[in-house]
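Just so you know, the protein sequences line up as chains Z and E, in that order. Under this note's numbering, residues 1 to 647 are what the first sequence spells out, in order. Under this note's numbering, residues 648 to 888 are what the second sequence spells out, in order.
Treat the hints with caution; some may be incorrect.
As the list claims (entries may be wrong) - Some chain Z residues flagged as far from chain E (calculated, every beta-carbon gap over 10 Å): (1) Ile119; (2) Glu129; (3) Pro289; (4) Ala473; (5) Asp559.
As the list claims (entries may be wrong) - What the simulated footprint calls covered on chain Z by chain E, stretch by stretch (three residues with Cβ under 8 Å from a Cβ of chain E suffice, anywhere in the stretch; the number is not a length): (6) 107–114; (7) 132–140; (8) 351–361.
Bear in mind the hints are in silico, worked out from the structure with no lab data behind them. Since the structure is predicted, the reported quantities are computational estimates derived from the model, not experimental observations. Cβ atoms here follow ideal geometry from the backbone N, Cα and C, with glycine treated the same way.
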Amino acid sequence: MKVITSDVLVIGAGLAGERTAIACAKEEQDVIILSLVPPRRSHSAAAQGGMQASLGNSIKGKGDNPTIHWLDTVKGSDWGADQEVARIFADNAPIAMREMAHFGVPWNRVEAGPKDVFIKGKKATIVEEKEKEGLITARAFGGTAKWRTCYTSDGTGHTVLYTMDSLVMQLGIPVHDRMEALQLIHADGRCYGAVVRSLRDGEIITYLAKSTVIATGGYGRIYGESTNAVINEGTGSWLALQTGVVPLANMEAVQFHPTGIVPTDILVTEGCRGDGGILLDVDEYRFMPDYEPDKQELASRDVVSRRMKEHMLKGKGVKSPYGEHLWMDLRHLGKEHLTTKLREVFDICMYFIGVNPITELIPVRPTQHYSMGGIRINKDGHAYNLEGLFALGEVACWDMHGFNRLGGNSLAETVVAGMVVGKKVAEYTKKASLKADKTLAEQFAKKEQDKISHLLNSSDGENVYTLRNEIGAILTKDVHIFRTEEGLTRATEGLLDIVKRTKNVKVQSHAQGMNPELSTALRIEGMAKQAYLIAKGGLNRTESRGAHSREDYPKRDDDKWLNRTLARWPDPNSEPVFTYEPVGILDLPPGYRGYGDDLRENMKISIEKYNKKIHNEQKKHGRIETSEPTGSKLPKELWKSEVKEAK
Amino acid sequence: MERTLKFNIFRYNPNVKNDKPRVETFELNETPRLNVFTALNRIREEQAPDLMFDFVCRAGICGSCAMMINGRPTLGCRTLTSDLPENIELYPLPFFKMLGDLSVDTGIWFRGISEQLESWIHTQKEFVPEAEEERMDNALANKIYESERCIECGCCLAGCATAQVYPHFLGAAGLNRIGRFMMDPRDQRTDEEWFELVSTDDGVFGCIGMMACDDVCPKDLPLLEVFSYIRRKMSVVPFTK
Chain Z
1 MKVITSDVLV
11 IGAGLAGERT
21 AIACAKEEQD
31 VIILSLVPPR
41 RSHSAAAQGG
51 MQASLGNSIK
61 GKGDNPTIHW
71 LDTVKGSDWG
81 ADQEVARIFA
91 DNAPIAMREM
101 AHFGVPWNRV
111 EAGPKDVFIK
121 GKKATIVEEK
131 EKEGLITARA
141 FGGTAKWRTC
151 YTSDGTGHTV
161 LYTMDSLVMQ
171 LGIPVHDRME
181 ALQLIHADGR
191 CYGAVVRSLR
201 DGEIITYLAK
211 STVIATGGYG
221 RIYGESTNAV
231 INEGTGSWLA
241 LQTGVVPLAN
251 MEAVQFHPTG
261 IVPTDILVTE
271 GCRGDGGILL
281 DVDEYRFMPD
291 YEPDKQELAS
301 RDVVSRRMKE
311 HMLKGKGVKS
321 PYGEHLWMDL
331 RHLGKEHLTT
341 KLREVFDICM
351 YFIGVNPITE
361 LIPVRPTQHY
371 SMGGIRINKD
381 GHAYNLEGLF
391 ALGEVACWDM
401 HGFNRLGGNS
411 LAETVVAGMV
421 VGKKVAEYTK
431 KASLKADKTL
441 AEQFAKKEQD
451 KISHLLNSSD
461 GENVYTLRNE
471 IGAILTKDVH
481 IFRTEEGLTR
491 ATEGLLDIVK
501 RTKNVKVQSH
511 AQGMNPELST
521 ALRIEGMAKQ
531 AYLIAKGGLN
541 RTESRGAHSR
551 EDYPKRDDDK
561 WLNRTLARWP
571 DPNSEPVFTY
581 EPVGILDLPP
591 GYRGYGDDLR
601 ENMKISIEKY
611 NKKIHNEQKK
621 HGRIETSEPT
631 GSKLPKELWK
641 SEVKEAK
Chain E
648 MERTLKFNIF
658 RYNPNVKNDK
668 PRVETFELNE
678 TPRLNVFTAL
688 NRIREEQAPD
698 LMFDFVCRAG
708 ICGSCAMMIN
718 GRPTLGCRTL
728 TSDLPENIEL
738 YPLPFFKMLG
748 DLSVDTGIWF
758 RGISEQLESW
768 IHTQKEFVPE
778 AEEERMDNAL
788 ANKIYESERC
798 IECGCCLAGC
808 ATAQVYPHFL
818 GAAGLNRIGR
828 FMMDPRDQRT
838 DEEWFELVST
848 DDGVFGCIGM
858 MACDDVCPKD
868 LPLLEVFSYI
878 RRKMSVVPFT
888 K
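Excised from the complex, chain Z in its bound form (with noise of 0.2 Å):
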């Protein structure tokens, strides 16, 4: 069998890897990149509209700083995230896109002088300051104060990946890409590396390393109608649960984003609303303002999905073959715009459902976009429970998004997390070293290998693709944006029943090399496992917050449910462990969001009580020791003149 070591094993080619990556062999590791596919087919690239950082060089960003980036962000988790990773995210993300800048990516700049632009559905002009002529400039994205969003027209994602990728080839980082990671290597507490599958010809690989980095995004794909590129399928969360220690936090935070087109549930960017789109129903009404009169179309997304599907049960939506839908109008900012700071929205548009958005509207609806929750982290990045073991970007739960992630915060924390968690790593694995014997690996490997030749000569089972789509239809008609008790607990017995039927399984090809149907059939069980926690969260979490809405618990519980989901299972045979941890030290207490429903039950215990648990709190459930103690990046207390400067 093959073995090959490495100081770093970064699973996962995307943004957050390849940061990490870079960060690593700057400090003279030794590291080596896994891939699903080539690197710049990551679903990082897909990211349409931009990056948030609080630089302040357009007009309509000005006076930004961190703190108000950072009030943002905490208000649009709905009180669900880490106040200080939130803060270490604000700080270092100005940062972040100069860096990106000076590598190569061809950023949007302030061009000075007036510009017509629509600010809440009405024609407006803004006059852009000579002194900033030149600067990275930003565009308004939802549940922001300012404009912040850095972009290259829609295609941000693709410039940054393609710009980071170039840092990896030019560092000479090696990228195994066509690589599936289907284990890790652990024991007593220590990660070794992980067991891979080689998609271009079967081959069995062990990789073993001081660290081991999970970079592979979100699990999108577990809901069918979803967002996401194909390949997120949760693997990377799968690799962390499988070892029954490291929890999966906040599983029941799931986001839609307002605007998927219809059919094909493609994303067409919320930039589309940031640069003056509007949402109309039926009757080509505009009914946002009636809902927000303040955000209108730009409120959070948790906040903007809800008030569509309430509009769509009013019977306000628009039937059609593929259900019910309602319009987006782009048709007013004009061709000009359309063909190039939304160009990809436009191709979109016109090659996969026909529609010609300079002069005909788009039928959206919200649809799975994000997973807020993920592997859980300490503000290092170290997986809870795991040593050697970290984990960074969407398959995370850092926690700097809680129940609800603004736009342009994801793409922007891929960067962020890792320049901050990839020296964490560095320091980690300069002071490791590799004890892990071969035969543990080989015990590992051939765990996978039986269970491959197992599926290649079952003769009997269950269709891989029908437990596949039933998955996705159970998430989808019950653990979707509104839930109730019912169709919660309908979900989980459904589900838990389809996690047995994994087990059952008939590979219908035995085909060598690349067989995709016996890589699903690799991955089923982890789709319905975690399928099974994002519907037995929800089912437990007797609140309504951000994402996570409960129509017969509708308050947000500050007294109750202040708190962490987390998820580990154990025993593979048996049901999963659900414990909770407090969310972190709340800096800015709990209160309104500026949008959405106002309904809450304040917290009983004081602030000062409730930040004093935290630490051993967290320790109690796994957190492994932070290089600087908790707390250490949050300024107490900072965001008082902001708040006292917008009055």
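Please build the complex by placing chain E on the supplied structure of chain Z, with the hints as guidance.
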């Protein structure tokens, strides 16, 4: 009326000993707005579980799914069957290494070409975290973006007569990549250094100007413009030495 489509698909698995290249036919009823992505997935789920093909974003952004559709290199995901006749021929892209059926290794080829051309910003400057970013004219940023939009799908090479004859030809994608960095003031490579890279027959002077690349590029890159920009810049270099 609903059509029954006939997909004639090239099949070959190089990992299976004695496997012979062949064409297999699959029938599928056409549903509204059916595209080649959905069609191939349905064929795999219902008829041929071992059928190999590549899709990632399925939104025309990642460049994974280029294939020959009725003789023309294009992206499978954004090809609607309603624009095609009932008989649909699917072949893998020529020029690239075949992995099986419709899957080819465009990723490895593009990595090779990027390494060969050192497709990254060459600069002596160090990044200073506290400093303001270097300014750039927005018009220039937009121009760089126009070339940066290449998704490395490989359609241009599959459609290129020169590339079929000279396997070392950089192709439209390679030349476009050079143009992208050449016009970027952050890249400090000199005209002489560029000349070394592109002055051979593998480079810009190897192109015989049939411009099939320009016809088939799914992202409508300004290839003609980029090529003439490189030619113009490079043709004066020998005289300035």
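**Q.** Reported absence of Asp559(Z) from the contact zone with chain E (all CB gaps over 10 Å)
**A.** holds, 42 Å
Q. Would you say the region 107–114 of chain Z counts as covered by chain E, given the rule of at least 3 residues with C-beta under 8 Å?
A. Per the Cβ count (5), the hint holds.
Q | Distance rule for Ala473(Z), whose beta carbon must clear each one in chain E by more than 10 Å | A | Ala473(Z) clear of chain E: closest Cβ-Cβ about 15 Å, beyond 10 Å.
Q.
Tell me whether the statement that chain E covers the region 351–361 of chain Z is true, taking a Cβ distance below 8 Å and needing three residues at minimum.
A. holds (count 4)
Q. Are all C-beta atoms of chain E more than 10 Å from that of Ile119(Z)?
A. holds, 21 Å
Q.
Confirm or reject: Glu129(Z) is not an interface residue toward chain E, with every Cβ-Cβ distance exceeding 10 Å.
A. At roughly 13 Å from the nearest Cβ of chain E, Glu129(Z) sits farther out than 10 Å, so the non-interface label holds.
Q) Would Pro289(Z) pass as off the interface with chain E, using Cβ distances and a cut of 10 Å? A) holds, 30 Å
(Q) Three residues or more, CB to CB closer than 8 Å: is that satisfied between the region 132–140 of chain Z and chain E? (A) It holds: at least three residues are needed, and the region 132–140 of chain Z offers 5 whose Cβ sits within less than 8 Å of chain E.
The earlier numbered hints are all upheld by this structure, with none contradicted.
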